[in-house]
Structures are given as C-alpha cells and as structure tokens.
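Protein chains: 6
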Amino acid sequence: MKSQYISELREGQAIRETFVLSKKTIKDKRDGGYYAIVAFSDRTGNIDGISWDSDNLTNISVGDFVFVTGNVAEYSGRLQIVVNSVSVVDAEKIDARDFLPQYSGDIEEVMKAIHGFVAKVKNSDPRRLLDSFFGDKDFVDMFSLAPAAKLVHHAYLGGLAVHTLSVLRLLQSIMSVFDFLNADLLITAGILHDVGKIYEYKYKKNIDISDRGRMLGHIVIGNEMLAEKVRHLSGFPDDLKLKLMHMILSHHGEVEWGSPKQPLFPEALVLHFVDNLDSKMEMMKQVLEKHRGTERQWSDYHPYLEREIYLGDDS
Amino acid sequence: MKSQYISELREGQAIRETFVLSKKTIKDKRDGGYYAIVAFSDRTGNIDGISWDSDNLTNISVGDFVFVTGNVAEYSGRLQIVVNSVSVVDAEKIDARDFLPQYSGDIEEVMKAIHGFVAKVKNSDPRRLLDSFFGDKDFVDMFSLAPAAKLVHHAYLGGLAVHTLSVLRLLQSIMSVFDFLNADLLITAGILHDVGKIYEYKYKKNIDISDRGRMLGHIVIGNEMLAEKVRHLSGFPDDLKLKLMHMILSHHGEVEWGSPKQPLFPEALVLHFVDNLDSKMEMMKQVLEKHRGTERQWSDYHPYLEREIYLGDDS
Amino acid sequence: MKSQYISELREGQAIRETFVLSKKTIKDKRDGGYYAIVAFSDRTGNIDGISWDSDNLTNISVGDFVFVTGNVAEYSGRLQIVVNSVSVVDAEKIDARDFLPQYSGDIEEVMKAIHGFVAKVKNSDPRRLLDSFFGDKDFVDMFSLAPAAKLVHHAYLGGLAVHTLSVLRLLQSIMSVFDFLNADLLITAGILHDVGKIYEYKYKKNIDISDRGRMLGHIVIGNEMLAEKVRHLSGFPDDLKLKLMHMILSHHGEVEWGSPKQPLFPEALVLHFVDNLDSKMEMMKQVLEKHRGTERQWSDYHPYLEREIYLGDDS
Amino acid sequence: MKSQYISELREGQAIRETFVLSKKTIKDKRDGGYYAIVAFSDRTGNIDGISWDSDNLTNISVGDFVFVTGNVAEYSGRLQIVVNSVSVVDAEKIDARDFLPQYSGDIEEVMKAIHGFVAKVKNSDPRRLLDSFFGDKDFVDMFSLAPAAKLVHHAYLGGLAVHTLSVLRLLQSIMSVFDFLNADLLITAGILHDVGKIYEYKYKKNIDISDRGRMLGHIVIGNEMLAEKVRHLSGFPDDLKLKLMHMILSHHGEVEWGSPKQPLFPEALVLHFVDNLDSKMEMMKQVLEKHRGTERQWSDYHPYLEREIYLGDDS
Amino acid sequence: MKSQYISELREGQAIRETFVLSKKTIKDKRDGGYYAIVAFSDRTGNIDGISWDSDNLTNISVGDFVFVTGNVAEYSGRLQIVVNSVSVVDAEKIDARDFLPQYSGDIEEVMKAIHGFVAKVKNSDPRRLLDSFFGDKDFVDMFSLAPAAKLVHHAYLGGLAVHTLSVLRLLQSIMSVFDFLNADLLITAGILHDVGKIYEYKYKKNIDISDRGRMLGHIVIGNEMLAEKVRHLSGFPDDLKLKLMHMILSHHGEVEWGSPKQPLFPEALVLHFVDNLDSKMEMMKQVLEKHRGTERQWSDYHPYLEREIYLGDDS
Amino acid sequence: MKSQYISELREGQAIRETFVLSKKTIKDKRDGGYYAIVAFSDRTGNIDGISWDSDNLTNISVGDFVFVTGNVAEYSGRLQIVVNSVSVVDAEKIDARDFLPQYSGDIEEVMKAIHGFVAKVKNSDPRRLLDSFFGDKDFVDMFSLAPAAKLVHHAYLGGLAVHTLSVLRLLQSIMSVFDFLNADLLITAGILHDVGKIYEYKYKKNIDISDRGRMLGHIVIGNEMLAEKVRHLSGFPDDLKLKLMHMILSHHGEVEWGSPKQPLFPEALVLHFVDNLDSKMEMMKQVLEKHRGTERQWSDYHPYLEREIYLGDDS
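Protein chains in written order, with the working numbering: chain U, 1 to 315; chain W, 1 to 315; chain C, 1 to 315; chain X, 1 to 315; chain R, 1 to 315; chain B, 1 to 315.
Don't take every hint at face value.
Identical chains share a label here; the pair holds if one copy fits it or two copies do between them.
Claimed, not checked - Restricting the straight-line Cα-Cα distance to at most 16 Å, the calculated cross-link-like pairs of lysine to aspartate or glutamate (EDC-like) are:
no., residue 1, residue 2
1, Lys205, Asp179
2, Lys285, Asp179
3, Lys241, Asp211
4, Lys122, Asp95
5, Lys24, Glu295
6, Lys93, Asp141
7, Lys205, Asp98
8, Lys290, Glu308
9, Lys285, Asp239
10, Lys205, Asp95
These are calculated hints, taken from the structure and not from any lab test.
Just so you know, these numbers come straight off a predicted model, no measurement behind them.
Isolated chain U, as found in the complex (with noise of 0.2 Å):
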C-alpha cells in the first residue's frame, strides 16, 4: 500500500512516492536546453508535473512505474508536482490494488464466504481438490486479485472472487428448489469454474487478456490447472475428474458462446444458467447505478446487453 494518493495531495506537499508515469512531453528552454512537462496517476487520479531536468527522464517510458520526489505547487490554480527526481520501479514490486480499479467492498470478506462454502462440501474428494487449490498460497493471491472480465462486468481487481462468490450464492439457492442436485459436485464446480481467468488476465498496470488468455481463453487454463492439482490427489475418482471438466468446459452453455460442449446433465446446466444470470445482472446493475439520481428513462445502448435499459421508478 502506498502512503501518498494523488486524489488526497495538496499544495506544499513533499512527494516520496510511486506513481505511473502517464505523460511526458519534451520541450525547449527558452535560454537553450530542454524541460518536461509529465502527468503522473496511480487508482485515485492524475496530476500534472514539470521537470525542469529532462535528463532523468531519458530511459523512461509512459506506462512506467517510476518513485518520484519533489513538491506539489499551485500553477494557473491546478496543483502539479515540481519533479526532482524520478527513477523506474520494477513493475514486480508493485501492488497492482494501488494503481487499478478495485472492488469496493472488503476482499477479505469475500474470500471468507467462499472458503465457508469450501466447508460445506462434505464429500472427501471434492473437498481435498479444493483444499489443494486453496491450500496453495499464490493461487489464492491471484484469485482474490483477479478482475473477472476486462470491460464487461466485474472488471476490477478482486471482480473474480466477488463474480464466485454471487454464482456460490445463486446454486445455493437453487438448490433448494431442485433438492436432487449433487450439491458437492456443484458447488465444487461452482468455485472452479472462472479459475482459469487468474492466467486469463495481466493485472498489474493494467486490466488485459494475457497472451494465454487470447489464446487458450479460459476455459482451457481452468482444465489444465484442474488437471495438473488432481495429478497431485491419489486415488481421486476419474468420473468426478471428468464431471468437473466437463462443467468448467460447458459453462457458457452453446457452442457458438465458446464452449465446445454443451451442458449434458442438470449440474452443468443450472451452472451455466447460474453464470449467464450473474453476468447479466451485474451488467444491469451497473446502469442502473451509473444513472441512480438521473432523469432519464433509458440509458444509451449497451453493446454486450444488445439493448436500451429501463432506468424508471419503482412500481
């Protein structure tokens, strides 16, 4: 976590700290030589800068995580920081929470619900599969890191976790309606079956498909990364493998929505349902919120929804 924010910066300020570097303009002095004008941003927002030593800037790119120092000042009633120096930080270093969108509520409360949905799967199998997932602390950094889509909905650092987590919530409910459901192979799958999208992603100085992502999508990492921890798993049952699989590989539902099957048993069918109504929701929710205080009836078109939402009063 860093300590400066640019939203919370103010007049006087001496600045120690890590931003993005978002501009950067070389220019000529008046009396010979050259000057900067940058802007630096991390999650809260911009600020402009000058440098008047451009020669620290010569092996930095925008895009760049750079350590600055210097002083915020007021110019033309905008503040702007007076660089003093500025040096490339290794992206590695970086907590992606300080530069990307994030979830607004409390991440940790999130994983907490998922790992007491974990504890309801009673059968043994199931439940050592996703004890070596959760048991394996660099999966669970990811997961709780990882947005769940780059544009779409949830598409903010811990979009994932949050996007399980109302898919755990909605096959419990469901459950209760259609009581001859497996409920382990459910919620199993149902905590499984977005794993792949941790490697889908590059989320660290910004949300974007990785190159695995782009070329395997995923739905294949899933089923690599499941294969790969039942490898590990003596004696698990190859049917319970193949069922799980299967629901990850048919939870978009229709072939021409990327999955090469369809769902074939009631599992994997409320599974997809359960998905497709998660991300549709989420979609409408955020219209609705974007325009909550507004005037208007409709919103404008949205491209995935195909259609104009409905922002009237409540009946």
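Go by the hints and put chains W, C, X, R and B onto chain U.
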C-alpha cells in the same frame, strides 16, 4: 371423477360408466345382420369390447365420449366388455382428468402453495390484480387443469400450475441473492407469466394447441387477459400495468424465441432466466427418470435440448 | 397554427410567437450582471437571439416551448431576435405540426382516401369495427398526426396515414390478381395493422419512441386497441376478431422480425408482403429523391436497406 | 397427342399406343420358359399387363417409352393388357404432355396473355430483345412447356408460363400504385426473370433438375441466354443490358437465397417481392385446394412454408 | 491375429476360433428340451450356427466375444457352424483389428511415413516433444489403431494415422508455396492435432464415442495429453507450448465449429484449412468410389457435405 | 511511364509532367484578384503548389489528371511547385501504374509464370480455351494490370495476377497429394477463376468497384467472358464448359459467401479452399509485414479476418 376405471375392471363386473370410444369396426354376422368390434379407453388404459347390436353405434364416432352399460367377460385369455348399450356423452360434462395424463402429485397442494405466494404480495395494486384472477372461479378451474405444453415439458393436466409454482420458488430463492429486486413485481409477474396457456391449449379429449393458441400464442393471450382484469381495477397504476405486460411479453428472452421485446429491466431478465431454467431442468429430469434403473450411460438425442443426456451415476 | 415562422422573419419585424428554446448560454456583462445568448427553432428553421435581461430565462430549459416577444434585428450579416420577454408555454397547448417535420402533401386528402377504403367494406362486422375506430375523434386526430417511424421511413407527422394509404392501394391492386382473397378482411386489417403506432411514438417536441412503445411495441399495443374496440361491439364474431388479431400480430412476417407468429393464411401473408414492400420502397424513394440532380451514381451505404442504391439514369 | 389414355381403356379394346413401362418381372412358366408381369403408365394412370412371350422385353428397361400392341382383358376384377408386342420408342419423339402433369387450364391462353405484355413494351430496345426471344420458335416451345419447379410450386408442364404471367399481372398492378417505376424495364425483366428454367429442368419422362440446372442454376443460365440474345441486337444499350442482367441475378432478393447481389434499385426490388409473393401464394393455394371440403382446420406442416396453414372458413 | 476368418471357412472344417456372438434364439426341441439358433461374425462376415445343447449359451449375451469349437456343415445350400462348445472371451484379450473395419492398406507403412515427418523436425524442442509421444509404446499402439471418426470420414481402424499422414503431406506441399511458414512448428502441430482422438473413441467391439469424448472432445483431451508430455521435458519453452496448444485448440477454425479460439497466426490458419480440406476430400472420395462403375450422375444427398455430389465422367 | 515522380523532386527543378490534382482552393489576393493553393499527387507521394494565376484552374476539378509546368521551390521548410500552367489530360492516355499502388515485384515474371501453367495443360480443349484468353492482347493487358480487391488483399495493380499465380502454385502442390484430381481441369479453372475482376474494378485514377462489378460481380462477369470465348471454339465439349462455369461459380464455396452453388466435385472443392486460403494468408502476411520490427505482440482488430493477429516471435 369416474367410479370405474379400465385398469381396475374384473371379470363378471357390471359396467355403467363413461369411456372414450377408441375403435369401431362393423362386421357381418354369419346369419345376416351386423355386430361391432369396439375398444374403450380412459386415462388408465384400454379394453376391447363387442356389441352384438351394431345399431346403437351408428351415430357414434371414434373419439367420442360414450356412456356404456354391459358386463366384463373373458375371451381367449383377455378381458372384454360385452356391451348392452352405448350413448354419446356431451364433452362439456366430462372431467378431463379422467381421460388425460395428469400431475402425479396433489394439484390442490400446488394451488395452495401458489396462493401462499399471492399472500406474500404486500403492495395493494399487484395484490388486487392477483385477487381478481384468483377470485375468478373459471380462471382458477382452468389454471389448475391446464398443461404447460403439448409435448415438451409439463405436458399433463396440472402442468401449468406445477411449472408456475416451480418458477415462483426459483424467483424467491434468487431474490435472496439479488436483494435489490422488487419482490411484489417479480412474484406477480411470476404468477401471471403463463396464464395465457389456459386458452393456448385444448385439454378435453387430448392435449393440443387451440386455434387461438396457434394464431396468437400464450404471450399475447396472457396480455389480453391482464388488460381485461386491469380494466376493472379503478386507479390501477399505468406503469405497473406496463411493466407487467412487458414482463409477460419478454419472458421468452429473445426475439427469435418469440418475445417481440427483450427483457429491459432486472426483474424481467430474472423472470426469463427462471422460466427457461425450469423448462430445461424439467426436460432433463424426465429423461433421467425414464432411464432410472437401466444400465444406459447416455439417452437418445433429445430434439428440444438438442443433445444426448448423460445418465451416469452421481459422484 | 402559428402566425410567424422563423424562415419568414424579416429585419425589423415585431415578434409575438411560440418557439422551442434550442440554445441558452448565460454570459457576464462587461459592466457586471448577465445577459443570455439564445436560439429558437420551429419546423421551418433556427434563429439566434440575445436577451439583455437574463432573469426571465432562469427557470426555462433548452427544449421548452416558449412564448417570445421582441424584435428582429441584423447582426454581422445575420438575423437575430432581440428578446423582450420569454415565458414557458404548456406543451399540451402546442400543435406539433408547427414544430416537427410533416407530410409535404395534404393530410386531409390522405384521410379522405382512407375513409374511401372504409366505405368499401361491405360486411357489417368489419365495417362496425372500422366505424368504431373512425368515429372516435381522439383516435382520428392521433392517427392523422402520428409518424410511421422514428428514423427509417415515413418519419414525419402524417407518416402513419400516408403509409396506411399506400398499403391499402397495394392490397387493392394485388386483389385484382389474386381474386380469391377476402377483400373485407384484407382491407380491414390493412387499415388497422399499424394503429398501435399512435401510442408507440411521442410526437410533440420531437419524434421518439414512447415508454409504451419500447416496452410493448405497436403490434401488441394495436392488438390491445382492437380488443378494446371489439368489447363494445355486441355479437362481434370470435373468429373474425381472431383473424384480425393474427394479421396485426404476424404482419412483420417472421419471428426474428418481431412477429411472434408467421402469417398462417393468404390474407395475412399478403398483408406482410405489402407492408414490407411499402416501407422498403419508401426508403429507396427517399434515397433517390435526395440525390436527384447530382452526378453521383451510387448512394452511401444505407443502414436499414444494408446496401448502396444505384442512382443512375432511367433507360 | 396420344389417342388412347389408360384411364379410358375398356375391356376388349385393342391397344396400339405408347406408354411408359413402369414394372417388369420375369417369371418361370410351369411348363418351362418364361413370361413377364408388367405395368404401363401415362399421365392418366397405371394398368397391369401380362406378356406370355418375355423375349420382346429383353432389351427394354423400366422407365422406357414403349409402343404396345395387345388387348384389354379383365382378370380377377381388374383390367389388364394382354400384350402382343412391345418395342422401344425414341424419347425424342414423345410429347411430354402425354406423360407428365400439366397446367389444368389452356396454356395457349397463358402464352397469349404474356404476348399481350410484350406488346405493351413501348421502348424499341427492350421490345427488340423480347421479340428476339419470342420470335425464336424453340424458345417459345420450351417456355410454354417448362415447369417452374420440381416440387414446390407450379411443378407441372406449363408452370413456368403460368408463374410468369402471374408475376406480370402483379407487376402491372403494383405499378398503378408506384407510378415512378420504369414500366418497360419492369415488364421486360418480369418476362425474362425465370427463362433459365427452360434448361434448369428436364421434363420428358419426369420433372427433374438437369445437370446444367444443378451446376449453374436458372439465374446464371438465364443471364447467359440474355447475353446471347443481346449479342445479335446491334446498338443495344449497355446500361439496359446491365440492369436486366442485374434484375435476373437479384430476383431471389438475398445472398443466402441464392442471389449473388441484392436488388439495387426500385424495379429490381419490386421484381423480387412479386416473384416471392407469387410462389408463396401458390403454395398456400395448393394447400387450401387440397383440403377443400374436408373438416380439417389446419394443414400438415409445410416444409417450404415452414408452418401449418389455417384452413378455416372465410369470415 | 486370428487364424480362422469367417469368409474363408469351408464345409467340413473344424472350428477353434474367437468370434462375436451376433444372434441367439432359444427354441423348443420337439422331444422336449431346447436348442439354440445362433450367428457369429468377425470383420470378414457372418455365419449362422446351431447348438443342440443350449446350456452353454445361458450366460452369454449377443455382442460378447466367444471362443467356439465345432464343425462347418452345409444346410439347405448355406454353410453353418454346428457348435460343440462356446465360452466367453475377455474383451481385453481381443485384437480389435480382427473384428472392426480397418485401413485397406498397410498401416505400418503409414506409421513409417509419419515417423519420416518426425525426423524432419530439426529444432530440438519440438523434436523432443514428438519423441516423447512416439517413444511411448502405449501411445503408438493406440495412435496406429484409432479411427478418425465414428461415421463421417476415416471411420475405420487406422483412420487417425491415415488422416494425420494426409494432413502432413498437405502441410508439406503448402509450405513449398508459403515459404515463410515455420516448418517445425507446422509439422509438429500437424502430427499432434488429433491425438486426443485415441481417447475420444472406443474401438474394441464397435467404433463409438467414449464418455470422455462426449464430455470433453478430442481438442481438450489432446491439449491435456500435450501438457502432460511437456511436464516431463525440462526447459521446454513456454511460448512453443502455448503455440502448439493454440494450434490444437483452433484447428476447427471457428467457434461455431467447436474451436473456442480462431487461428491467430499463419501456421494455425494453414493447419485448420488442411484439416478441413482433407476431411471433406475424403468424404467426396468415398462417394465417388462407392458409385464407381454405376451409371448414376449424382449421388444421394450427403448429410455432412450437405449436397449431392456429381459423379460424371472426367473431361 | 512518367519521367518525374514527386518523391524525387528537388528544389529548383523545372517541372513538365502529369500529376493528379488533389487539392484546389481559390483565395483572394490582397490587391484584388485571386490565386490558388493546390496540391498534386502520383503513386510516390504528394506535393503542395501555388498558382498565382487562378484562371488556368477554372475548368479543372480535384481528381483530374493535369499536365503541369512550373518550378520546384522551398517555402517554410517544405518543397512546393510554383505553377506556370496547368491543363487537363485525357484519362485514356494515362498509364495507371504511374498513379496507383502496384505490385512491388516484377509483374512480367508473374505473367511468365502463369504462362508456364498454361503450357502445362495437355488436353487440347482446355488449352485452346486458355490460348484464346492469353492470345487476346486486351485481355492480357487488363489481366496483368487489375487488382484482386478494392481494400482487403492484393488491392494493388497486378494483384489479380499475383493472386492467380499463388492459387496455381497451391493447386499444383495439392495435386501432388491428391493424385486423382484432373490436373488440366484444375489448372484451367485456377487460371480463369477470377478473370471477371478485370471488369469488376476500375483502376485508372483510383481502385474502385465498377458499375458492372456492383451489379453483377466478378463471378457472373467471368462466366459471361468464358461463354463468349467458348462460342468461338468449334467443337468445345459441353461438359467441360459446364464444369468450368461451375468452378468459377462455386469458388466462393457457400451460398452466403456469394456462390449460388456449392462445389459439387473434388476439383471445385479444392479450388474454393485454395482461393480462400490464399486470400486469408495474404491478409495475415500484410498484418505481419506492417508490424515487422515493432514491439507489439498483437495487431489491431482486423475487420475481414475478424480477429487480432499474433505478432510474436518465431519459436
């Protein structure tokens, strides 16, 4: 309710009951004159019959409901009815439940549970509307009798009520997760979404689509029924009527699935998902139940689900 | 009807008329205080204006109808209104024809021709139905005012009547070839097929889709209007009502074009073809008229016709 | 024209006529040697036959046209031909009208009406073109004989001319509404739009698609015929040729319906609509006529119209 | 390999061989007791049989592999086996090649040619990978035995290897034109693209899809196999693994054809084209070979190619 | 060929050359009268110009070819032409290669290679046909000049020949694998499949689709060209003509891709695949070449390939 069902007839029993005439062949007697080989059916099965006097069958067609007197006799190892008299019965006086497949449980329990949902609607406007439907005895009679489909799912007497109840339970369960939904709106639309089916189908002698069903479909019929009821409720809010009509109209979800409008707000979207899920789950359940106890791993190709269903063991 | 139209204003003229306020910018006076740069519009055009007193504009929004007093002056080569007073006018008192694009011909002639088709209907039942519509002054007022579309074709006041008349002429001409068609049924459905558009659109300040239009569409609205009229006609035949409802419902021809049912008998099929042909021909005509006199051989890509139109000479 | 038709044969009649051999089975005589059980057909029906000498059938195949001599006898209540001689007839010498279903009206009247449309074409260029087609006796013979389809509509000898005339009447009627259309262009294209069908089908022994029809289709064949005729008309305008070729090419309306180009100007659009309407109306008419006098309310599923047709009474 | 095949049996021969029991009917002996009418099959044909002692058939089902002793006799002009003893054989001990259709050529030559392509791969990483597959005897056994499809093309034992070799030859030939392609990558992916089929199908008693095939499909199975092999190759480059997985994943070319990702670089695109071309050409070749020597000009409708194939002479 | 190209002009050079007038703005001189700011272009680039006498530009339009005299001067750091005279040049006298993008290699080598394929055709009939095309100087001139597309691939002068040669090489290579193909048929159809493009495009001033191209497309134009050539070859076999026409017609592969018929025999299928592969590979190659040397891993979205292309390193 009839007092004599075909599956329960025994040798020597005197017959005074209504059946469907399911076969009629006039034959020459060896000594001149004619006799008739016939068969009768009700929802429990078929039985052959013989009528030595063929005159009483002259104006009766296969498919008619007939009141039969006679006796049950055995002939070459099988039971048959030796007919004394046959006379046509007005189809209007028939209880379809005696002749068509029906819900295997207690339909009164189903209706009671639906009434329970009506009682949950707090807001006076949607409640008045539901009361006007459920205070209409003709409506209630048809609603508790109608099937939900001709072939695909819930294709039996009572199927509409069974499907509606399942939809309501799913809506209720999903509202526990998406707590921002308008419960009164959702429950009211859930109860009414398929009411048009009471006129879309014929369910006297057989279950078939009516002329009105073929020409308009249950979505448009349902909307006309809603408009008619609202007309008698003074001061009913226009926007509530509009939202309910839209929810009935859009519950098939996509234009190519027969909804002229897509769901335009969250409650409409949820209703569509739940209706779709319940019908597909019912189809899967039927396939699984039909194969229970067999050794097959895969069903035949299902023309509506467009796939073969996995029948294997739970894990 | 207004007495002063913007396109006819001349320098020095005194203004006492209603316009739409189409621009409003409050500016500082050099000597303190404020003045307002404004603009007004009606269906004939736009004119700038200046109001040295900005107070009378405080509670007026862009888009409001306003009654303006003042004078027309010239300022750097262009006319503008020097405003004395501005006051909001109740939109209910406005004649939309003063402010929106309208049919270039005489709409009364169009209505008269439609009445001529009504008079051709011989059979008393469809005739009673048409009379109940055309004896309803509110309906006639809206029917002769409504557009037939927001953007694509006949998107002007009176467009609905113009399109309806063209459809009737086409039906009449086709019946001369297919002489087995039921003329009364076809003419009646032709007159009524788009009546739902009087509520599908708003056409006061601008032409836009109404809430009811977005949620239900003109097909469902039209069927509700038909059911309402029929309810007051004692002894109206059920099957005629059913056929007319079906013809309204199916006139878009295919499920994916928004008709929940396809046309199921010849008259319904012909109505669909004629409606489709008239709207496409109107689009082509508009393209050709727009380019008349230019040297272009091909139009731009037309997003609804999904092609470029050939503009070359006749041969 | 034949002088003896199967439906008119009577016991004892001497036979000297051409039929199609429709069955041939060689059997052992009880006393050694062979005889043949045969059957013959023409467009009026079928009749069995027997040939005690099987040698004269050795080189004759089922499907061949054969000249038969013999007598009509009755055998166990049915007529049959006792054959004296059978010899193959060259298919080139056959009049297909004797053996295939044909237009029930007078095809000469149809052709006369089409000539009437040719005479309406005022402009010398399109008129010269039509005259070059209709002055070509081979073309006229085939045009008046060809079917318009193998199965779907107008699938009988003369069907092409009947369909063409109906298209022309519809074009004429629509021009009375859309008076800006180029009448000469439209009539000329209307007459020529399906001429390629004279080579797309075979219609000697049966109605089937020819090799050329399967490989090229009537649209491309028709365009080649048009180009060939135009080549002999000196000074024929390039743009008229281009428009006519485009109208033939685009008359199926959409790429997925087999037209490589969509209609690009109003006359091409109208031709497509009229061609489509006439073929669909013909299908509906056939369904209605087939069920005239029955009590059915609905037809079977029609595979080309993709719906069941309503057969109910007019209202 | 068996030593006795059904097509080579002769009268009087003593039988000691394994067959499939393809028919079993128990009949009453006239003198009390039972006998059995049976039939046996292998890949060369069928033969009837009779077992006067029916007891030895009690626990044997149609479809079982059975070891039969007895003699070949003639009965009313046909050969049959007079059975002495029948006993079930464990399906695991069966060589499927004795009982299922297989490649008509020498599968060892095909495998040798594929090894020739392996040898062409120069770069050590892809070469190590291929060696790890082809050094695995179980893999090689299954790869040389598996079919490439259940019904459509190469639906015989050895079909996978035959198709793979054809794909490799096409890739090789196309690389001679597009010389910028990465040969090692293309050959490696060409060899591995369908390896998942060794588990997608069952090919013991009959050729059918396995549970794993139905639930995952050969694309996902193949990717799991690849990942497993790569895991044992230390230092295998990540990007090569990614490209090969992508090429397996995308070789069906479009999402709606079952590839979750489209080909994203030239080698992946070429592999898709070649796989598609080879399977379609194989279907066409089968149609042409089946009709060789007949007089037909056109095949029946082919359900996978969705057309009728022209069978005419070469020119 | 021009002697002066814009990219080679130098300060002080005297100009006597033809260019395209690409900009023309008339301005007021301070002392009265007018001057013109202009720009000129050829295939090597653009240059600004000034003409103090605007009269000589009165009847000249942007887009015209103009012969310019004047001098090259420098003005604020950039070269411009100070114009003495400008006069329109007849477009017929222009060599399009001077003004449009063209093949970067030697088009004569490409044509020579295509002639090499012609020489491989052994059978006299297809050979006569090819000779009649390539013995026609006008055809050869247009064929070696035409582009293969307006935008997508091979969209430069010579593109048709380059694409045709690539198709021929692919056909040749594939025949080495599928040795049952008719080589003469395939090579002949390969050479002729796109000849209609010489009239589908205009390629004088710019590359655009011609009227004939828009209305008919190259498939139909090519078939008309083929029919015209065949007409002059006495005794040309009907079935060869039919197969070649079919191969031209079906080379887009599917009805929805603009081929009214699907490929119906192996040679037609192979031609379609090869044409499709070559155009897609050309698009991929263009993307890769455009990004050579950049650090990007992924291209922008490609609207025709409908994907982003991977630009990463070879492995």
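Status of each hint after checking the structure:
Taking the shortest alpha-carbon separations for lysine 205 and aspartate 179, neither the intra-copy value of 45 Å nor the inter-copy value of 34 Å comes in at or below 16 Å. Taking CA atoms no more than 16 Å apart as the test, lysine 285 paired with aspartate 179 passes between copies only; the shortest distance there is 12 Å, against 29 Å inside one copy. Only between protomers do lysine 241 and aspartate 211 lie at most 16 Å apart by alpha-carbon distance; the minimum there is 12 Å, versus 27 Å within a single protomer. Taking identical chains as interchangeable, the C-alpha atoms of lysine 122 and aspartate 95 are never at most 16 Å apart, the minima being 36 Å within one chain and 43 Å between chains.
Taking the shortest alpha-carbon separations for lysine 24 and glutamate 295, neither the intra-copy value of 40 Å nor the inter-copy value of 20 Å comes in at or below 16 Å. Proximity of lysine 93 to aspartate 141 under the C-alpha cut-off of 16 Å is restricted to the intra-copy arrangement: shortest distance 14 Å within a copy versus 50 Å between copies. Taking the closest pair of Cα atoms, lysine 205 and aspartate 98 come within 16 Å of each other only inside a single copy of the chain (10 Å); across copies the shortest separation is 48 Å, beyond that limit. For the homomeric pair lysine 290 and glutamate 308, the shortest alpha-carbon distance inside one copy (14 Å) is at most 16 Å, but the shortest distance between copies (31 Å) is not.
In this assembly of identical chains, the alpha carbons of lysine 285 and aspartate 239 never lie at most 16 Å apart, being 38 Å within a copy and 21 Å across copies at closest. For a Cα distance limit of 16 Å, the shortest separation of lysine 205 from aspartate 95 inside one copy, 10 Å, qualifies, whereas the shortest one across copies, 53 Å, does not.
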